[in-house]
Structures are given as structure tokens and as C-alpha cells.
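Participant: What follows is each chain in one-letter form.
2 protein chains.
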Amino acid sequence: MCELLGMECNVPTDIVFSFTALATRGGRTGPHADGFGLAFYEGRAARVFLDPNAAAQSPLAEFLRNHSIKTELAIAHVRKKTRGHVTLANTHPFQRELWGRAWVFAHNGTVRGIKRRKLGRFAPIGGTDSEHAFCVMLEALRTSFKSYPSKRTELREAIAEIGSELSAHGTFNFLLGDGRALYARCDTKLSHIVRKHPFGHATLTDDDVTVNFAEVTTPKDRVAVVATTPLTVNERWTTGAPGTLWVFEEGALVASLPSRVRGKRRTPHP
Amino acid sequence: MCELLGMECNVPTDIVFSFTALATRGGRTGPHADGFGLAFYEGRAARVFLDPNAAAQSPLAEFLRNHSIKTELAIAHVRKKTRGHVTLANTHPFQRELWGRAWVFAHNGTVRGIKRRKLGRFAPIGGTDSEHAFCVMLEALRTSFKSYPSKRTELREAIAEIGSELSAHGTFNFLLGDGRALYARCDTKLSHIVRKHPFGHATLTDDDVTVNFAEVTTPKDRVAVVATTPLTVNERWTTGAPGTLWVFEEGALVASLPSRVRGKRRTPHP
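These protein sequence lines map, in sequence, to chains A and B.
Residues in the first sequence are numbered from 272 upward in steps of one, following the numbering used here.
Residues in the second sequence are numbered from 272 upward in steps of one, following the numbering used here.
The following block holds chain A by itself, in its conformation from the complex:
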């Protein structure tokens, strides 16, 4: 299993505080020592920092903790491998271009038998079930819409639907970004918080670090953070109901879509 971290905001925001918690779980307070990745969006483009080494010991993770890169949308992942070797090709988040946008995906869980699902335009580079699932998802979107949908509700519903469908293969918690929104699916375990005015203090669960957000924000700022488990001890996080797809835009939860599949199968899909 792995841990996920996503951030989506209405102003460019530094992810260092939350990433510090995640990186600590990547081999120190948590067992997720099989690589990590952190994607930052700038408009429709993303840059993805990847390292197949443990985040807690990685010089790259240290660099990212020490150098503020502000972004409105970030997706991070620390890996504890269940399927696939520890290689760069198997390191989340994965990235593909669709409709002239970078799509970034990170997964927590295992989707069994997914490799029997037919691929279309997108093919996995590595050997994980996660990347295969990402390719199947993007193909489903590509065949549903000619271009990036102007009706965003339709896109959200399509993502919720393919997410529910693929979750029949096992456990499918994921974060997906398209440069405009963060789509966060809770299958078994995912929490979120929206920080906004009046901002308070927060202390990390995994490290002796406290931030007073009031000092680093303006009253108009809104920052949504999603994580496998809450990252702070003194804030109120919302736990996801199984099967829910949350959609965040401009730092706000703009949609919360229920699961589309009743009586989810736990056996491999034919």
C-alpha cells in the first residue's frame, strides 16, 4: 500500500508543510520506502519529481522540502510496493498528455486482474497495476469526449463512473489532476480538509513541526488538502465515505459524487 497527498488552491501555495509529513512516512514513521513522487502543476503543464528511493532518506525529497515551489495543484505519493519492482517506471505519480493537458495520477491500493483490461491509446511504461488502471481511465475519457469538456459536471461524472468500475478489481483510492481540478477518490481510506479564513495553527502528526497559517496567507486564500490519513493533529479532517469522488477547484470542494456501483465485487473482473 501507499500514501497519497494532494493539494488544490485558489492561489499558488507552498506544499512543503504537508510534503514534510508525507516524506516522513516514506521510510521513517511509515513503511512507504519504495520510492516517492511529487507533481506540481503550472497551468496545463506539470513537472513531476520522481525518486525510486525512500523519501525519508532521499536528497531529492530534502531538496523539495527546502525549496518552496508554489503551485495551485500538486499530487504526491510515497510507495510501499505491492505489485511491480522498485524502479523509476513503477514510481507514482504517472503522467500522460490528453487534449493538450498533463494528467497526473497516483493510486493507493491494488486492482487485481486489471492487466486483462484492454488498452487503447495509452500504454503503461512500467509494470504496476496502478499505471495500467490510469491508462484504462484516460482511454475511457478520451473515447467519451472529443476534447476537454466545457461542461465540467460531465467530466466529473465520467471520472466517478470509470473510478467505480475499476474499483471492482480491488482497492482504488486515487488522486487525479488535469491542471484545473483535483479528483480524489476514496475507496477505503482518504481524508480532506479545506483551510480558509480565519486560518489557525496546525501541527504535523508525524513530525515536530507547527505552522501558523494566518502568517502565510491572506483572507481570500483557500487551500484544500487530501491525504490517505490526516496529516495534522489539531485540525478537523473529513473522512471519505467508500466510493466517493471529491472534486476540488480553486481551493473548494465543488462536488462530491457517490459510488456508481452497488454491491462492489471483490473478486477479479473477467
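Because the hints were derived from the structure by calculation, they are not lab data.
Check the hints yourself; a few may be wrong.
The list treats identical chains as one, so a pair stands whether inside a single copy or across any two.
Subject to a maximum C-alpha distance of 30 angstroms in a straight line, what follows is the list of computed DSBU-like cross-link-like pairs (lysine-lysine) [what the hints assert, rightly or not]:
1. Lys422 / Lys351
2. Lys467 / Lys386
3. Lys389 / Lys491
4. Lys351 / Lys389
5. Lys352 / Lys389
Please read all numbers here as calculations on a predicted model, not as lab measurements.
Based on the hints, put chain B in the right spot on chain A.
Facilitator: Just chain B now, with coordinates in the frame of chain A:
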């Protein structure tokens, strides 16, 4: 205009020495201060470090100079913009997946009127002529072969052909990687060197740095380096003839294909 740097080897090799020279040209000894990128392959996967800031001042470039990442294939670029704003989306090298492989591309020159060329499966995320040309190239390969060609000579010839065709739009020096080979096209300016036993000393043109390669190699090692202009003062670099596509595999020049287009047009393509 920009500067290109590529490295292709038969053993994982550190690119720090050559990248130091390139990064220096990115805003100090050269005017290429509009961002830089450095892609490292590991098998069929690549990780691409991108920064829209000047390499000579970038903390990320400093990190990459100070932390050895060994690879058999790397592609780097420092940008002096001619077309497109200074943004992450316009920062080379560009990356796309085709046939379950990461393809990485960096361009030096300007290809005018290229945006009138029809796109297929691949679409640019940013606004450069370079990324548009990359998308057109990949689409040409995709429609020529069902999967990654087992006959590599056919793939090389296809790359040489589309390279020559697109060079009719202007200046098309490029580096292209597929995880197995480095394809380096000289249109107006490109040099290469293959370092092999017996290894000697080399001193950078742009910085007071000397390396004795004999100390960091074994007699079996072979390292090919390609750059817009030679990076060292005391080695013999080979200058490309206009229109040539060099192909490097396992640290050796395995093919040198001449231009396919006679009487190249210098005016925009209809």
C-alpha cells in the same frame, strides 16, 4: 535559440561534468536564461527535471550538479526563447509516451509555420513550435509502425525522414530519446564525441573544471556526448554535416543518415 546536450552510454554514467558546462551557458557564459531541463532515462522510463528559470542561477540545477544520477541516456536543454513565453509548459525537453516507452525531445532552432501542420494523437501542452513539431514527429512514427519496431534500421530511417521533412520549416537541430537510442539531428549546428578506452583528461570550455576520465571509468565503458557546440577544449569533437541524423546505442555511433531532402526550402511550409 537554445543549446542541446545528450549523453548515451553502455554503462550508467554521471552527466554532471557535461551538465555543468551546459548550465553555465544557461545565463552566465551564454544567453540561454529562459529555463532548462534535464531528462534521465532508466530503461523505458524517464524522469525530466524542468525549471523555467535560468540554469546558471537555479537551485534545481545546482542540486543536479551536486548529486550524481547515473544513467545510460540523458537529454538536456537550456532555452533562449524565440517563440512562446517563459513558462513550464514551454520548457524543453518534452515528454510523451508511445508504445509503452517514454519519448523525450529537445529542439534547437525555429520551425516556422509548423502550427499549420495537422496534429493526431499527440497535442502540445505549451505554445512552442518545438513541442508542436515533436507531436507531429511522434504521430508520423505511430502511423508508420504498429509497435516499437524490431527492425531498428526502419525506425531510424523514419526518424531521419520526418526530421528532414520538418526541417523545411526552418532550423531543426534536435535530440530525441526512446530509452534505447539517442537520435541526434544536425541541421545547422551539432557536435559529438565518443569517449572510450584509453580515456584521457578533458577540460570544460565554459568553466575551470578538468576531469580525468581514466579515473572514473573501466576499459569497457563507452560514452557518447552530443552538444550544440563542443563542451571541452582538449578533445576532438566531430561536427555534423547539415541534415545528418546520428544514432547512438550503447555508447557507439551506430548510424549516420544523410538528409532526405534536397534543396531544402527556407520559407514557411504551406
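Participant: Against each hint, give a clear statement of whether it holds in the structure.
Facilitator: Hint check results:
In the homo-oligomer, the alpha carbons of lysine 422 and lysine 351 never lie at most 30 angstroms apart, since the shortest distance is 37 angstroms inside one protomer and 38 angstroms across protomers. For the homomeric pair lysine 467 and lysine 386, neither the shortest alpha-carbon distance inside one copy (42 angstroms) nor that between copies (43 angstroms) is at most 30 angstroms. For the identical chains of this complex, lysine 389 and lysine 491 are neighbours neither inside a copy (46 angstroms) nor across copies (43 angstroms), given an alpha-carbon limit of 30 angstroms. Proximity of lysine 351 and lysine 389 under a CA criterion of 30 angstroms is satisfied intra-copy only: 26 angstroms inside one chain copy versus 43 angstroms between copies.
Taking the shortest alpha-carbon separations for lysine 352 and lysine 389, only the intra-copy value of 24 angstroms comes in at or below 30 angstroms, while the best inter-copy value is 41 angstroms.
Checked against the numbered hints above, the structure violates hints 1, 2, 3; every other hint is satisfied.
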